[in-house]
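Listed below, chain by chain, are the residues.
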Amino acid sequence: MSDAQPNYQELGRKLLTAIFGALSALRLYPVENETVQHALSELHELVTAIVDVEGSAEVRVVGDFFFLNETRLRLDLSNFATFGSFARALTTHGIGAVEIVRGVERSEWAPFLSMLLRPAAEDLPFEGFHERFEQAPVRHIEVRPSTDVEGPEDDEEALTAAKRTYAQSVKVAADVMGDMRLGRAVNVRKVKRAVQGIVDQVLSNESSMVTMTTLRDFDEYTFTHSVNVSIFSVIIGQRLGLDRAQLYELGLGALFHDVGKQRLDSEVINKPGSLTDDEWAQLKEHPAEGMLLLFGMHGFADVPYRQMLMAYEHHMKIDLTGYPPNRRDREPTLFSRIVAVADAFDAGTSVRSYQYEPWPPDAVLQEMRDNPKRGFDRLLVKVLITATGVYPVGTLVILDTHELAVVSKVNADPDLLHRPVVRVISDPVGLPLSEPKTIDLAQSDPATGRAVHQIIKTTDPQKYGIRVSDYLLA
Amino acid sequence: MTEQPDPSDTPHAGLDWEESGLPVEQVRSLFVTLGKAFRAYQLYDENNPVRQRFVDTLRGEFSALWMELDELVVTLDEDHIFLDGSEVYFSESRNDSLAFLFFKDGVREVTFLQGVETHELDQLLGVLQRARKLSPEGDDLLTVLWEAELTYFRYKYVDLLAEGVALPEAGPGNSSAELQAALEAEDQEIDEQASRAEAGQEQETPLTVRQDDFNPTLYALDPREMETLREELQKELRRDTRADVLKALFDRLEEPENRERQSEILVILETLLPNFLSRGGLMAATNVLRELQRLEGLPGIFDETRLSASRAILDRISAPDAIEELIAALYNGTIRASPTQLGAFLRFLRGGALAPLLRESETVEHKELQAVLRKAVQGIANENRSAVVELLSQDDPVIAAAAARLAGQIQVTEAGPALVRLLRHEDPAVRLAAIEAATTLKASVVAGALESSLEDSEREVRIAAARALGELRYSPAQKKLAELVRSRQLRVADVSEKVAVFEAYGMSAQEAGVPLLDELLNRKGLLGKRESSEIRAAAALGLGRIATPEARASLERATQDDDPVVRANVNRALRHED
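Those protein sequences? They're chains F and V, same order as listed. One point on numbering: in the working numbering, the residue at position 31 of the first sequence is 31, and numbering is uninterrupted. One point on numbering: in the working numbering, the residue at position 544 of the second sequence is 1018, and numbering is uninterrupted.
Treat the hints with care, since some could be wrong.
Unchecked claim - No more than 25 angstroms apart at the CA atoms, straight line, and that leaves these computed lysine-lysine pairs for BS3-like:
| # | chain 1 | residue 1 | chain 2 | residue 2 |
| --- | --- | --- | --- | --- |
| 1 | V | LYS849 | V | LYS916 |
| 2 | F | LYS171 | V | LYS630 |
| 3 | V | LYS709 | F | LYS317 |
| 4 | V | LYS954 | V | LYS916 |
| 5 | F | LYS271 | F | LYS284 |
| 6 | V | LYS630 | V | LYS607 |
| 7 | F | LYS284 | V | LYS721 |
| 8 | V | LYS709 | V | LYS721 |
| 9 | F | LYS171 | F | LYS317 |
| 10 | F | LYS317 | V | LYS721 |
| 11 | F | LYS437 | F | LYS463 |
| 12 | F | LYS171 | V | LYS578 |
Derived by calculation from the structure, the hints in this document are not laboratory data.
All chains should be built: construct the whole structure from the sequences, respecting the hints.
What follows is the structure, given as structure tokens:
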């Protein structure tokens, strides 16, 4: 893009922030209030600047993504809440795109935004909105329905792509670990492709990759765990605003974080039940062994120092009371702390040789966030929660209707992290459904404003042999 | 953008361009030019006008093509490129084939978008050039294209590495019995807790969730927390991860209970050192050497085997070939270091580094660098005195001469015999350096050999030998010096040589030399003839080196001499005596 063209990323973020600011102000104060007026002026100035250059400004929402005049806007920590909130305001009314054309006046914003704040029509929300909109004194702002929203076909395509990426990555992890155990040269090209695939898939459809992490194959735990940690790490990294190359670095290190276990006695790694002191001492060597193993990997442009640190530091804890012990000052890197969080979350929610009863995901997250002895970076745990929701994908829940359901998608609005999308798997008496049913728990009763459905309890699917992936991959 | 091609797409049989309406000939020409531009990228560097010309031509062809097409989509097989079924590129040789370059890594379709020629052409050609030179175990075209993140160039590929991978599929789900059992168990659990609560038993964490109690602040980040994380990210990106890894390696190296790992780490460190230096990481390399030396000194850390391995690293980095690489890196800018940083690194080097460093310290023109090298050389030499003696036997005269001077500076007395040999070296610079060292060392074994240097073929060497004998006050040489003083050979020598010999005679003979010197200064020969002004002046200066009343008396007799040159030097000699 030449230097003369506007920086859409920056403009787009500013625009959405300004819209959100104006919406928030209108929600709280009357329109003549100074705060509201200031917010509207700011918004108008921004939009005018874009429209004067481009002729129009189109903001489009497709799934979890925003586009400003065809440029996809990147989410990071500073804007995912804003974006999520505005996305909801649009999608509630079935709006997929808003176009502002040359000549827009400041006086048009208040009526348009106020209409967004009103409850949506129950049936045909877009038509209801559009009918009222036609009556409003707004001539230079147009709305279009969300025909571009990811429908079932898009979801299916995304899920197929996610399956492919996941399966390939698990195979690569298995091949690489096997080669390392046998002291053979590792095919770095395959590893790079796998991690690049994970990054691409997380960037294009995060929820589909999260769905894949619910596949819990006990026999292939080592490999699926490595891939899952890579996925969760990249997701956290995306929230922090890492660019594609940085996400790749993070995902690569996360994939290799446990590679040191390939040097340990497999009987120790796979031993059911508790370890003896001696066995535990052996296991605690795997971070150091992992770092050393990575020195033997060739095919990278430079020595992969950052990835070595992720393997070395991921059990160290932020207060350095973990392992390996330190003789020299150090501070675990941010990437290492991210991997530590991702590792603990996936491990805590999986069946392993020594953990027959994993914790429910929501309990794991709470423990990680609230128990300082666990040694996790609390802020990064919160970032993970913004991605996974309070009830992560794969959590088995009981609704207030006594139906059993599995969380299938996180709500993008941070105020609604506790109200995900669920796939109902049984009717109130426990009979499997003949037709799959998906419920968005964020939906509210327009009359009362209260949630239509609620989660009343979470439980552990492994306890009852319920395979959540059977329902999520269908 | 990367996508999997639709398996149902197959290249059509060649369509006539008039039928398809596509500018096949134009595209053919473009691919010919693309091939040439790609070849130019391989052969010429960035500033070469030939390469630039091909790239400019390619830009022009793309620009012209956009009059006919919105985008250029082509498919590929091993050797051909097709535009909607029409062949637009073919190469017999796969070595130079664009088609094969794409095809072998799985690419089956590429799309050039308008703007590629303006924004990304150089980048694309660079990617292709890089892809051509990749090693089998590293990247391939797909990973390199991914990293390049091109906007105006897209491709579809089949993932050859993913062939045969089975996709996970959904299972059949659970039976009604299993689901009912789950619900019943959960209901029972809730009821039991409710009963316990009613019975007033210990308060438990409620099993059920009250979603109205959801507190978003526990889960969402506030602006301060977001800012903290942003700062953490910036800190992370600036971080010296290499230093962190080194700390980790040294922490583990300090664990004698794991000898095998210690050995592995020592091997890694040895591999890392040239890696650091090749990337200008002098301080990182210094850190490694410092830590190794420190650990070598700590009791119980290394056993004999590990100690030997650690020392071998220091020896290896001090080897002449490694030092020559270091010097080359300093000159070509690969390593940019302050004198302090360079000195900090050099002080860890062992004796093997002496020869190349000595040579460099003698020949380098940069004064500051010379000072650093000389200081380093002295430091290393002090720890490796025997290495200095060995260097005196070097074939390289520059090194031999420098080693001789060094031996004098740091008082390597055991260098005496070697210095004697150097007095007969074919290179006069070496002979001079040996004389200089002899003077500094005050080595009597060398002094004896200096007498023969009085007859050296080189004037500088003769003068230096005379001065050295004088400085050393080597009395055994007075006979030889007296012969020289009387000789015809000295009478035709220049003033400097005359003075050097006479002063040397004075200093070595002392009182015994007065009669001869007095005779040359004051006596008139038969027919009243005297010695030349220069000889008489030199004799005066010789007397000036003898601190006896007789010498003084001889000088005073000549204070009123007719010859002004003689008078001036007599006065000078008297002042010297004072």
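TODO: Please write out, lowest number first, the hints stated earlier that are contradicted by the structure.
DONE: 9
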